[in-house]
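Asks: Residue numbers (my numbering), protein chains in the order written: chain A, 1 to 880; chain B, 1 to 230.
None of these hints come from the bench; they were simulated from the model. There's no promise every hint is true.
Stated by the list, open to error - Which bits of chain B does chain A cover? Going by a derived footprint, with three or more residues having C-beta under 8 Å, they are:
1. 45-54
2. 75-82
3. 96-103
Backbone N, C-alpha and C define an ideal beta-carbon position, used for all residues, glycine too.
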Amino acid sequence: MSLSILRLARFSARGLVRDLRAADVRALFVALALAVAASTMIGFFLDRLDRGLTRQASQLLGGDLVLEQGRPFDAELRTTLEEAGLVLSDQVDMVSMVSLADAFQPASLKVVDDRYPLYGGVHVDQGEGVEVVAHGPSPGEVWLAPRLALLLEAEIGDRVRLGESELAVGGMVEREPDQSAGFGSFNPRLMMHRDDMEATELVQDGSRVSFELLGAGPPDILDDLAPLLERLRRDGVEVRDVRRDRPGLGSALERAERYLSLAGLAAVLLAGVAVAMSTRRYVDRHLDTAALLRCFGATQGELSRLFGLQLLWLALAASVLGALLGLAGQGALLALLTAILPLELPPPGMLPLWLGVFTALSVLVGFAGPTLLRLKRVSALKVLRRELDPLPASAWLVVAVASGVFGGLLWLYSGDPGLALGLLLGGLVMLMVLWGLGSLLLGGVLRLAARLPRDGREAGVAQALRLGGAQLARRRTASLGQLLAFAVTFFAMAMIALVRGDLLSTWEAQLPAETPNYFAINIQPHEREAFEASLSGAADARSALYPMVRGRITAINDMAPREAVPAEARGDNALRRELNLTWRETLPEGNRLVAGTWFEKRRSGQESEQESGQESGQEESEPSGWYAEVVSESATSPEAERVPISVEDGLAERLGLGLGDTLTFTIGAAEIIGEVSSLRDLDWDSFRPNFFVIFPPGVLERFGHSYITAFHLDDAEREVQRGLVRDFPGVTLLNVDAILAQVRDLLSRVTRAVEVVLVFVLLAGVSVLYAALTASLPVRAHESGLLRVFGAGNRLLSRVQGAEFAILGLASGLMGALLAELAAAALYLAWLDLAPRLHLWLWLVLPLGGALLIGVIGHLLSRNLRRQAPATSLGLLGET
Amino acid sequence: MTPILHAEHLIKQVRSGERQLTILSDLALSVFPGETVAILGQSGAGKSTLLGLLAGLDLPTGGELMMFGQRLADLGEDGRARLRAGRVGFVFQNFQLLPTLTALENVLLPLELSPRGDSEQRAREWLARVGLGERLDHLPKQLSGGEQQRVALARAFVTGAELVFADEPTGNLDTETGERIIDALFSLNREAGTTLVLVTHDHALARRCDRCLRLGHGRLEEMALDEVGA
Numbered sequence: 001m002s003l004s005i006l007r008l009a010r011f012s013a014r015g016l017v018r019d020l021r022a023a024d025v026r027a028l029f030v031a032l033a034l035a036v037a038a039s040t041m042i043g044f045f046l047d048r049l050d051r052g053l054t055r056q057a058s059q060l061l062g063g064d065l066v067l068e069q070g071r072p073f074d075a076e077l078r079t080t081l082e083e084a085g086l087v088l089s090d091q092v093d094m095v096s097m098v099s100l101a102d103a104f105q106p107a108s109l110k111v112v113d114d115r116y117p118l119y120g121g122v123h124v125d126q127g128e129g130v131e132v133v134a135h136g137p138s139p140g141e142v143w144l145a146p147r148l149a150l151l152l153e154a155e156i157g158d159r160v161r162l163g164e165s166e167l168a169v170g171g172m173v174e175r176e177p178d179q180s181a182g183f184g185s186f187n188p189r190l191m192m193h194r195d196d197m198e199a200t201e202l203v204q205d206g207s208r209v210s211f212e213l214l215g216a217g218p219p220d221i222l223d224d225l226a227p228l229l230e231r232l233r234r235d236g237v238e239v240r241d242v243r244r245d246r247p248g249l250g251s252a253l254e255r256a257e258r259y260l261s262l263a264g265l266a267a268v269l270l271a272g273v274a275v276a277m278s279t280r281r282y283v284d285r286h287l288d289t290a291a292l293l294r295c296f297g298a299t300q301g302e303l304s305r306l307f308g309l310q311l312l313w314l315a316l317a318a319s320v321l322g323a324l325l326g327l328a329g330q331g332a333l334l335a336l337l338t339a340i341l342p343l344e345l346p347p348p349g350m351l352p353l354w355l356g357v358f359t360a361l362s363v364l365v366g367f368a369g370p371t372l373l374r375l376k377r378v379s380a381l382k383v384l385r386r387e388l389d390p391l392p393a394s395a396w397l398v399v400a401v402a403s404g405v406f407g408g409l410l411w412l413y414s415g416d417p418g419l420a421l422g423l424l425l426g427g428l429v430m431l432m433v434l435w436g437l438g439s440l441l442l443g444g445v446l447r448l449a450a451r452l453p454r455d456g457r458e459a460g461v462a463q464a465l466r467l468g469g470a471q472l473a474r475r476r477t478a479s480l481g482q483l484l485a486f487a488v489t490f491f492a493m494a495m496i497a498l499v500r501g502d503l504l505s506t507w508e509a510q511l512p513a514e515t516p517n518y519f520a521i522n523i524q525p526h527e528r529e530a531f532e533a534s535l536s537g538a539a540d541a542r543s544a545l546y547p548m549v550r551g552r553i554t555a556i557n558d559m560a561p562r563e564a565v566p567a568e569a570r571g572d573n574a575l576r577r578e579l580n581l582t583w584r585e586t587l588p589e590g591n592r593l594v595a596g597t598w599f600e601k602r603r604s605g606q607e608s609e610q611e612s613g614q615e616s617g618q619e620e621s622e623p624s625g626w627y628a629e630v631v632s633e634s635a636t637s638p639e640a641e642r643v644p645i646s647v648e649d650g651l652a653e654r655l656g657l658g659l660g661d662t663l664t665f666t667i668g669a670a671e672i673i674g675e676v677s678s679l680r681d682l683d684w685d686s687f688r689p690n691f692f693v694i695f696p697p698g699v700l701e702r703f704g705h706s707y708i709t710a711f712h713l714d715d716a717e718r719e720v721q722r723g724l725v726r727d728f729p730g731v732t733l734l735n736v737d738a739i740l741a742q743v744r745d746l747l748s749r750v751t752r753a754v755e756v757v758l759v760f761v762l763l764a765g766v767s768v769l770y771a772a773l774t775a776s777l778p779v780r781a782h783e784s785g786l787l788r789v790f791g792a793g794n795r796l797l798s799r800v801q802g803a804e805f806a807i808l809g810l811a812s813g814l815m816g817a818l819l820a821e822l823a824a825a826a827l828y829l830a831w832l833d834l835a836p837r838l839h840l841w842l843w844l845v846l847p848l849g850g851a852l853l854i855g856v857i858g859h860l861l862s863r864n865l866r867r868q869a870p871a872t873s874l875g876l877l878g879e880t
Numbered sequence: 001m002t003p004i005l006h007a008e009h010l011i012k013q014v015r016s017g018e019r020q021l022t023i024l025s026d027l028a029l030s031v032f033p034g035e036t037v038a039i040l041g042q043s044g045a046g047k048s049t050l051l052g053l054l055a056g057l058d059l060p061t062g063g064e065l066m067m068f069g070q071r072l073a074d075l076g077e078d079g080r081a082r083l084r085a086g087r088v089g090f091v092f093q094n095f096q097l098l099p100t101l102t103a104l105e106n107v108l109l110p111l112e113l114s115p116r117g118d119s120e121q122r123a124r125e126w127l128a129r130v131g132l133g134e135r136l137d138h139l140p141k142q143l144s145g146g147e148q149q150r151v152a153l154a155r156a157f158v159t160g161a162e163l164v165f166a167d168e169p170t171g172n173l174d175t176e177t178g179e180r181i182i183d184a185l186f187s188l189n190r191e192a193g194t195t196l197v198l199v200t201h202d203h204a205l206a207r208r209c210d211r212c213l214r215l216g217h218g219r220l221e222e223m224a225l226d227e228v229g230a
């Protein structure tokens with residue numbers, strides 16, 4: 001006779017409802033709900049942010065995939081792409097003359113079909129004000145950019161001539177969702193329908209026309225299409241896809257994202273520890289039930305299913321509550337961050353919800369599974385012989401399964417198996433160290449407790465400490481478990497608080513009060529000294545003056561740049577426009593060498609008689625000892641000598657450049673070949689002039705150049721600003737106060753978002769304390785009962801318990817501090833890109849705070865025990 | 001008639017440190033359907049061990065043991081559990097009621113494992129028969145010891161068990177309450193036509209059974225009822 005699943009489901013659900021009265025089930029519920037809340041909150045938020053960024057990228061590109069070539073795309077390719085699941089739209093770009101009456105203007109034509117735009121909307125005025133529409137012009141009409149309409153003196157309803165056709169002006173296009181800049185982007189826009197294209201007869205053999213095929217679909221389709229796209233790239237088709245051309249977040253937001261993931265995982269880990277602690281009590285409490293059911297004929301499988309289902313219901317109920325909390329939490333995060341996010345976020349998706357439920361179930365299986373197996377192994381004979389409890393699950397098995405599951409979650413959430421494995425192994429090593437350390441500590445406590453005075457009036461506290469310490473040390477295994485759980489809890493709470501503090505102070509250091517709020521550009525060489533003199537008395541802080549020369553990269557390793565770089569970098573901005581180049585004797589402030597060596601003076605040339613004494617290091621003319629002679633050679637000789645250059649690390653990575661690679665720059669009519677001699681890491685958010693490429697002195701001085709600098713002026717120093725404008729009319733002063741304020745606002749909002757998450761982690765920590773302390777109550781009740789039988793008063797019991805909890809808190813606080821310090825150092829180096837530092841306050845706050853927190857919570861929770869009659873306390877063990 | 005319980009050459013040994021202790025040696029027993037059998041013995045004689053073996057809660061070290069015509073040695077833990085489901089009832093010295101379940105829920109517990117359509121109705125009826133029809137929703141801690149044991153009696157008979165094992169059913173009760181419980185046990189047993197095997201050191205209780213067996217030195221010996229003193 002076996003139980004049907006339906007009957008088991010009903011039976012288990014009824015059991016759970018009855019069980020809700022038990023403290024361990026409540027602790028399990030709270031812990032699981034918190035795990036789900038933390039993971040869904042962060043999941044919802046990051047998912048929306050990610051999809052928002054992808055959608056923005058798709059919109060800017062015009063589709064998730066954009067193919068471009070000089071001839072129409074064939075039907076076979078279309079079929080392949082459509083069968084893969086992409087919705088396609090055709091577009092043609094070209095430049096053509098457009099006329100109205102006597103006015104002629106070149107226009108940048110964009111020919112679109114009925115599916116345009118695949119993403120976003122077109123801002124167009126069709127005579128009734130600007131509205132956003134999800135289509136392009138209809139056949140027979142054109143939409144003009146207002147500038148083109150102005151130049152042609154065209155109005156809505158006029159008919160403009162385009163090739164052999166005349167088309168009606170149907171609207172003024174203010175903004176297009178996609179901003180792909182082609183060769184015609186300097187000319188004003190004319191948008192028309194594809195059906196009118198043939199009649200214009202504009203596309204002839206040899207016309208400079210660009211055909212684009214845009215596709216929209218789920219981004220993972222692009223993975224399936226990777227081989228096809230690679231082939232197309234080799235065939236000369238320009239391929240842009242949403243994954244590679246995504247806009248990045250600022251470093252502050254990126255770090256915040258990582259912090260949020262980390263905090264979410266910390267909350268999940270804490271919830272896991274709480275689940276493990278509560279499960280032990282849950283299992284102890286259900287051993288009698290399991291034995292009785294075995295006696296009545298339940299099989300091991302039925303017992304597993306019964307208790308498994310009971311906890312499944314609990315996990316599902318906790319998931320619902322947790323998901324609702326998570327949804328509210330992500331709402332709070334968004335309310336803080338929406339204003340500063342440069343995009344519209346899509347509504348929350350379902351994925352984080354499933355991930356949340358999955359997290360709850362994983363935590364349950366991982367942290368409760370091995371302990372739950374005890375219920376299945378219970379012998380029916382226990383009904384006759386109470387002492388026949390099944391052996392507790394091996395501590396190593398519990399740790400191994402929990403670590404495996406947590407490692408999996410780490411992998412899932414960080415997407416980085418290496419990091420997950422590293423953290424996991426590190427965590428396990430730390431756990432072993434803690435285990436050893438905890439054993440030593442407990443042994444020490446026992447020895448110390450034995451030496452405390454046993455009599456005398458002043459022995460009150462000593463007696464409490466002696467008895468409390470002895471009780472703690474006697475229950476060695478249980479105490480060790482609690483010690484580790486509390487240590488891990490304090491560690492996780494401290495880590496999250498610690499990283500938050502360091503993150504904030506790093507952000508503050510990044511934008512100190514004297515962050516430059518003005519940029520001055522176009523300072524001519526002859527104005528340089530006077531400009532510096534004007535600033536030196538007034539500006540609180542200023543960067544060096546950097547000379548600036550504009551040059552274009554025209555070859556990389558003697559090949560055309562597009563051929564020399566990885567396929568995905570072919571459209572890189574650095575290859576499409578002129579770069580600002582500078583020269584410098586020393587490494588600029590805020591830059592860090594990551595490879596190679598900084599420039600050295602040429603030993604072969606004439607040695608400099610004297611070093612330039614200027615701090616800024618720019619040499620205006622005749623920089624002897626540097627590279628002056630190279631320039632004169634390179635202007636005449638095709639075998640120009642290469643000069644060393646320093647390249648920004650990020651650019652080098654994008655273009656696939658390493659030390660020793662050469663870049664040929666065309667500056668005016670001259671060509672200069674630079675050999676990468678060093679790579680630099682720099683902070684683009686620093687509000688200082690930053691350069692992709694730096695030359696040594698002596699190479700660029702002969703070209704036309706101006707200077708740039710950044711400096712800080714207080715409101716009180718506005719007079720200086722007016723003086724600068726008056727004395728240097730050619731210099732452009734840019735005030736970046738508004739941008740600075742925006743960045744500061746961003747940081748303060750991100751800070752608050754981080755604090756929302758911190759609250760969740762703290763709550764998860766408290767849930768561990770609650771779970772562990774309630775789990776230990778029956779044993780403590782038994783001990784209190786015995787002490788009471790032997791004549792201990794309420795006062796002594798209270799003191800003994802207080803002492804026990806305080807010792808536990810103190811020891812776990814110490815261990816938590818050690819763990820936090822070590823882990824923070826590793827994390828800063830590996831993940832958050834911050835410099836490690838020692839946190840002395842941690843060693844004070846955690847042990848003392850731990851003693852206080854555990855002391856108070858434990859004291860409160862055991863208040864009822866002290867009120868119980870000894871008979872009740874002694875009977876309590878294993879019965880409730 | 002086939003015995004409902006049959007044991008031959010039953011041996012139970014346990015290891016205590018280096019020593020092997022023999023609790024039961026070469027024990028034989030047959031219990032036939034409808035019989036009431038008392039097993040008497042001193043504390044530590046191995047009564048509970050024998051009960052555990054007879055009910056299939058534990059396995060003997062040697063010998064043959066059959067329940068409902070099935071060799072228990074041929075069945076695994078789960079097989080023996082299935083054999084018990086719905087056919088075997090238990091009454092324990094310490095009642096073994098689950099503290100978080102009401103009286104009704106405690107009686108319903110074995111019915112959850114041997115489902116029938118009218119489970120709840122049956123449970124209510126059995127509780128009414130033991131005089132607790134008004135205390136259905138009370139938790140064990142709200143009931144006296146005697147009332148708790150009556151709940152346990154209802155639970156033992158509610159599935160229509162063919163065989164009920166009772167382990168010192170009055171051990172935790174005062175004399176007067178104990179007698180009332182025994183009255184109830186034998187009356188229910190009679191009404192249901194169940195086979196009852198009880199272990200006790202209470203001679204008065206043993207005398208009410210059809211047969212009495214004494215467990216001593218690991219063996220069982222039949223006692224005449226008039227041998228069973230007060």
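Asks: Can you give the numbers of the hints that this structure goes against, from lowest to highest?
Replies: Violated hints: none; all satisfied.
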